[in-house]
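Peer 1: Chains as they are written, first to last, in our numbering: chain A, 9 to 258; chain B, 19 to 196.
Just so you know, the hints here were simulated from the structure itself, not pulled from any lab data. Take the hints with a grain of salt, since some may be wrong.
[Stated by the list, open to error] Chain B side only, calculated, beta carbon under 7 angstroms to chain A, not exhaustive:
#, residue
1, 30
2, 42
3, 153
[As the list claims (entries may be wrong)] Computed cross-link-like contacts, BS3-like style, restricted to lysine-lysine with a CA-CA straight-line distance of at most 25 angstroms:
#, chain 1, residue 1, chain 2, residue 2
4, A, 157, B, 98
5, A, 230, B, 67
6, B, 79, A, 77
7, A, 77, B, 64
8, A, 256, A, 230
9, A, 258, A, 151
10, B, 64, A, 157
11, A, 151, A, 256
12, B, 79, A, 157
13, B, 64, B, 79
14, A, 157, A, 230
15, B, 67, A, 77
16, B, 98, B, 64
17, A, 230, A, 258
18, B, 79, A, 55
19, A, 230, A, 151
20, A, 251, A, 196
21, B, 98, A, 151
22, A, 55, B, 190
Glycine residues also receive a C-beta, built at the ideal position from the N, C-alpha and C atoms.
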Amino acid sequence: MTHEPWIAQLDAYLDGELESGAMQELDRHLRECAACAAESLRRLQWKRNVHAAGQRYVADPVLRERVRKSIARGDAHAIWWRWPAFAAVAAVAMVLAGFGIVQYKTRVVRENQIVSELADLHVSTLASATPVDVVSTDRHTVKPWFEGKIPFSFNLPELQGSPFELVGGRVSYLEQSPGAELIFRIRKHLVSVFIFQDRAVQAGLPVNEVRDARSFHLESWKQGELRYFVIGDTGAEDLRALKDLLAKAK
Amino acid sequence: MCVAERSTAGFEELALPLFDRLYNFAHWLTHNRDEAEDLVQETFAKALKGFSSFEQGTNFKAWIFRILRNTFLNSRTGLKAATVPLDVQDDDAALPVEKETPETILIDRASERIMQEAIEELPVAYREVLLLCEVEEMSYQEIAATLTIPIGTVMSRLSRARRALRSAVTEKLQRNAS
Numbered sequence: 009m010t011h012e013p014w015i016a017q018l019d020a021y022l023d024g025e026l027e028s029g030a031m032q033e034l035d036r037h038l039r040e041c042a043a044c045a046a047e048s049l050r051r052l053q054w055k056r057n058v059h060a061a062g063q064r065y066v067a068d069p070v071l072r073e074r075v076r077k078s079i080a081r082g083d084a085h086a087i088w089w090r091w092p093a094f095a096a097v098a099a100v101a102m103v104l105a106g107f108g109i110v111q112y113k114t115r116v117v118r119e120n121q122i123v124s125e126l127a128d129l130h131v132s133t134l135a136s137a138t139p140v141d142v143v144s145t146d147r148h149t150v151k152p153w154f155e156g157k158i159p160f161s162f163n164l165p166e167l168q169g170s171p172f173e174l175v176g177g178r179v180s181y182l183e184q185s186p187g188a189e190l191i192f193r194i195r196k197h198l199v200s201v202f203i204f205q206d207r208a209v210q211a212g213l214p215v216n217e218v219r220d221a222r223s224f225h226l227e228s229w230k231q232g233e234l235r236y237f238v239i240g241d242t243g244a245e246d247l248r249a250l251k252d253l254l255a256k257a258k
Numbered sequence: 019m020c021v022a023e024r025s026t027a028g029f030e031e032l033a034l035p036l037f038d039r040l041y042n043f044a045h046w047l048t049h050n051r052d053e054a055e056d057l058v059q060e061t062f063a064k065a066l067k068g069f070s071s072f073e074q075g076t077n078f079k080a081w082i083f084r085i086l087r088n089t090f091l092n093s094r095t096g097l098k099a100a101t102v103p104l105d106v107q108d109d110d111a112a113l114p115v116e117k118e119t120p121e122t123i124l125i126d127r128a129s130e131r132i133m134q135e136a137i138e139e140l141p142v143a144y145r146e147v148l149l150l151c152e153v154e155e156m157s158y159q160e161i162a163a164t165l166t167i168p169i170g171t172v173m174s175r176l177s178r179a180r181r182a183l184r185s186a187v188t189e190k191l192q193r194n195a196s
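The shape of chain B in the complex, shown without the other chains (with noise of 0.2 angstroms):
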């Protein structure tokens, strides 16, 4: 097997497995079929032309999500969607400790549709954190390598994420309940 056989099968063997993901990603980013269609392709176009400079033992899964992140982020959609400005700077003071009330309650049983409805409208910064935490499962620094931000500013955009989602749940329970 040749050099460049032995690199498509590594890549294969690596990016295959992450593809639905990336997809899911995309889809969430874009919020078009076609555009995430578009947007997984060059993603695998460009993580396989860029493989040679991949650092085997590295983070693929961080590191292919940032191709993603970044082709996104270039493209159309995305540049209209980086120019949302987030309501506050991430490197802001903590924010106050959420406590439980009836509302809460309430909102922890909101359905998948309004979650998903909601998560659809935050903002791309808060909306990537929280799919990256949340959905792909990856730890503080893999979320800081694939966006290319401090860890310090994961975890505040995480949190104002969070409390970003939560108030567009309730937002929307209350108006489906008027």
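Looking at chain A on its own, in the form it has when it is part of the complex (with noise of 0.2 angstroms):
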């Protein structure tokens, strides 16, 4: 009797991931088999080892308190928790703004944090010594790479005869949303460009615009149901030219 095609299901079945089916005719197997009641039981006790292994931090006492009572506080920043002080003028400050100062300081505090989160991606791509996860100039390797690795899919431009080159792409996350970073060269210069789903990141900036984020340009715009970023030392009328092949890639 051949065992293997059993013991290949045995992990399915003791995460408890087998159809139904199966796993009654796999349990009725292991009543009737030793050495796959053997090999099923010798599982059972690594994941057992594993599961202990694994349950191996404690957090601190007080880290839980803080994080109780920053809840019951209703902050939703992680900042205001290491420096309650911050907190307290911030919410002085905001309780003497109007509704509407409120609301306009929200909407730019908001826009800050995704363009600094955003710069803050693209300096890490040009410090990473491996800067992409799929390196290639072709646009027919890079797109496929991102199948099955983020929620969507995008068009890339045929460059040639552009000053632009395609260096590669990887996975990224802006407001834990996963989306593609493709990174580009023109002249000297890297220039990432980010794409994630519109819904998911709801950024509310204004559609077409360039504007500064720490030394860099940045533009972005709205195409069908995603957004678009592209970041970047180099000039603002690159950006544009970038943007323009992006938006009429077929």
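Build the complex from these two chains, which are given one at a time in their own frames, with help from the hints.
Peer 2: Next up, the structure:
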């Protein structure tokens, strides 16, 4: 009797992931086959060992209490936990400000957070020894690489005849949403293009805006259901040219 | 009770019971107590801020673990960890079946310390899927939602993670024996 087809199902069986028919069939087999039953027991023991070893770290009760209090206060910025005085000053300022001002500031703060996060991501890319996970100048290699890794697809432009060169891409995250980061080279500058689902980002950034983000230029626009951000230290006109190429990509 | 208070109370009820689990997972990801504490605080802040977008009745645990994991991936440590390449692609053909050998019997008796060291050394893509399955006891569907990857990828990555762990434990035991 060959045991391999049964043993191949054991992990899914022990994880409780087999369909009920297959589960019952394997159950029956394990009652009749000592070798497979022993292997099943061995794997179960291994799972228990990993489970026990994995419960390794215990949080400081002080941290738990700090988090609990912050939730009770409704704090939504981690930084407030670390600098309570800042929180107090900010709270007073918000009470003094009118409702309209608060709304305006909230939008500006949110915009600045997104711009700052994108600038951080771009800086990380520039600083990384391996800035891309898929290294290719071929759009027909880079685009398919993202399939199954992000919840949407996008088009890449034909760059022949343009000053831009595709370097590669990687998966990135903004506001807990996965998206694509594409790296382009123009002359000696690297430019990051971030693409996210617009509803996931809900950036509220004005369409077709070029703005400064910590010495970088940033261009943002919405295209269909996607939100594009292009960021780099090259000139604003270069970013616009790359935007035009991306917008026309089919 | 106003809407904001109800929302905060609802969030606290769902999120606080997961605090210890989130911290444990954060520490495994960062390898560092201070970074893990920052990561957990950041996660709770982001989750509270985004709680209005959480769809009631869906899986809160997968939702908040996803926030933690994404926050980690965008941190300095996370970006560094994510660049460690896996030996193989996730969608490679199925792995051959492991059979019991004297070696496998030996590693079943590995001490907790050796096991922990081996988990710690796994690439983050293997470590996270293994911990979510074995420690958090999430279903493949929940893991897929947490890591935003297809279920097929969860299964192949988990299989490779288990194999990599066994191999790392074996190596450590052999090194200790010699």
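Peer 1: Indicate, hint by hint, whether the structure satisfies it.
Peer 2: Status of the hints after comparison with the structure:
1. Taking 7 angstroms as the C-beta contact cut-off toward chain A, the hint placing residue 30(B) at the interface holds, the least distance being around 5 angstroms.
2. A cut of 7 angstroms between beta carbons decides the hint on residue 42(B): the least distance to chain A is about 5 angstroms, and the hint holds.
3. This hint holds: residue 153(B) has a C-beta 4 angstroms from the nearest C-beta of chain A, less than the 7 angstroms allowed.
4. As the CA atoms of residue 157(A) and residue 98(B) are separated by approximately 19 angstroms, the hinted pair is consistent with the 25 angstroms bound.
5. Using a Cα cut-off of 25 angstroms, the hinted pair residue 230(A) and residue 67(B) holds, with the two alpha carbons roughly 24 angstroms apart.
6. Distance restraint check for residue 79(B) and residue 77(A): the Cα-Cα separation of roughly 21 angstroms lies within the 25 angstroms cut-off, and the hinted pair is therefore satisfied.
7. About 15 angstroms separates the Cα atoms of residue 77(A) and residue 64(B), which keeps this hinted pair within 25 angstroms; it holds.
8. At roughly 13 angstroms between alpha-carbon atoms, residue 256(A) and residue 230(A) fall within 25 angstroms of each other, so this suggested pair holds.
9. Restraint check for residue 258(A) and residue 151(A): the C-alpha separation of about 12 angstroms stays at or below 25 angstroms, so the hint holds.
10. The straight-line distance between the Cα atoms of residue 64(B) and residue 157(A) is roughly 23 angstroms, inside the 25 angstroms bound, and the hint therefore holds.
11. Restraint check for residue 151(A) and residue 256(A): the C-alpha separation of about 16 angstroms stays at or below 25 angstroms, so the hint holds.
12. Only pairs whose Cα atoms come within 25 angstroms are accepted, and residue 79(B) paired with residue 157(A) is accepted, the gap being roughly 21 angstroms.
13. For the hint pairing residue 64(B) with residue 79(B), the CA-to-CA distance comes to about 14 angstroms; that is within 25 angstroms, so the pair holds.
14. Using a Cα cut-off of 25 angstroms, the hinted pair residue 157(A) and residue 230(A) holds, with the two alpha carbons roughly 21 angstroms apart.
15. Simply put, residue 67(B) and residue 77(A) have alpha-carbon atoms about 15 angstroms apart, close enough for the 25 angstroms limit, and the pair holds.
16. Using a Cα cut-off of 25 angstroms, the hinted pair residue 98(B) and residue 64(B) holds, with the two alpha carbons roughly 22 angstroms apart.
17. With a C-alpha separation of about 16 angstroms, the suggested pair residue 230(A) and residue 258(A) falls inside the 25 angstroms cut-off, and the hint holds.
18. A hinted pair counts as satisfied when its Cα atoms are at most 25 angstroms apart, and residue 79(B) with residue 55(A) qualifies at roughly 21 angstroms.
19. At roughly 19 angstroms between alpha-carbon atoms, residue 230(A) and residue 151(A) fall within 25 angstroms of each other, so this suggested pair holds.
20. At roughly 18 angstroms between alpha-carbon atoms, residue 251(A) and residue 196(A) fall within 25 angstroms of each other, so this suggested pair holds.
21. For the proposed pair residue 98(B) and residue 151(A), the alpha carbon gap of about 23 angstroms is at most 25 angstroms, so the pair holds.
22. At roughly 19 angstroms between alpha-carbon atoms, residue 55(A) and residue 190(B) fall within 25 angstroms of each other, so this suggested pair holds.
The structure shown violates none of the earlier numbered hints.
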